[in-house]
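**Q** Using mature numbering (1 follows the signal peptide of the UniProt record, and there is no 0), the letters of the sequence shown correspond one by one to residues -21 to -1, 1 to 252.
Since the hints were derived computationally from the structure, they do not count as laboratory data. Warning: the hint list may mix true and false statements.
With a straight-line Cα cutoff of 30 angstroms, these simulated BS3-like cross-link-like pairs (lysine-lysine) come out [what the hints assert, rightly or not]:
no.	residue 1	residue 2
1	14	241
2	230	42
3	111	251
4	111	14
5	111	211
6	111	62
7	62	14
8	14	36
9	111	55
10	55	251
11	241	62
Remember, predicted model here, so these are calculated numbers, not experimental data.
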Amino acid sequence: MRRVLPIVGLSLSVLLSACQAVNTTSGNAVGVERKQYMFSMLSADQVNQMYSQSYQKTVTEAKNAGKLANDTAQGKRVQAIAKQLIAHTSALRADAANWDWQVNVLQNDEVNANCGPGGKIFVYTGLLDQLKPTDDELAAVIGHEIAHALREHSREQMSRAYAIEMGQNIGGALLGIGQGGMQVADQVTQVSLTLPFSRSNENEADLIGLELAARSGYNPNAAVTLWQKMAKLSNGNQSPEILSTHPSDDKRMSNLEAAIPKVMPFYEASRKS
């Protein structure tokens, strides 16, 4: 195990040398100020283009299969809420106003939604049918997903993965570690680096999404009731947080409740305008 630790350290060293520190969002009231390390050879435009191609392929396939629900009552409701949120993204990231935002609703039983790089949003009908969210709760979901895109979490994860892989390959060659040793290194990296990093991303998306929803005129308290519904839907079948990429339901709701007073003035101001 001692011989594995230099690999992790080397991975971090490679990460720092191959990446540049940035902060993708600014001016938020919820205290998300963490510097992010982006692989210098992986630009935002490259990531956006790669994802856009995949996104368009999925949309086309759904349309051909009759699974695109944009023209339904559910689809129009999602698009209206997303449009309201998108209109306020520039308060957190100025260049987001110029993104090629797209919103599509897919007929799929999975309780899921996402916003990929560059502002490409999917919402599944399973989320709407099973959670039955209010408009405020739906805004909390979509706001959370938009926050991932604003923070460029996908690019950041890719940058981290590239740097860690480079470090492991170099470390394995220099230290003469065999395949078995490299598998152990992968496990150490997974538990000590990758999973906590993902949970950090989820917490940032929760907080920035909360502020975005409040700025857009949606009650931030709905973020808590949303996750109460999520917890009930999971029936308590949740992996221990140490091995999960998402915060525990209790911790998530506690963090949201602590941040609500910080964003409530935005919500109250939006109701007066």
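**Q** Honestly, which of those hints from before does the structure not fit?
**A** 2, 4 and 8
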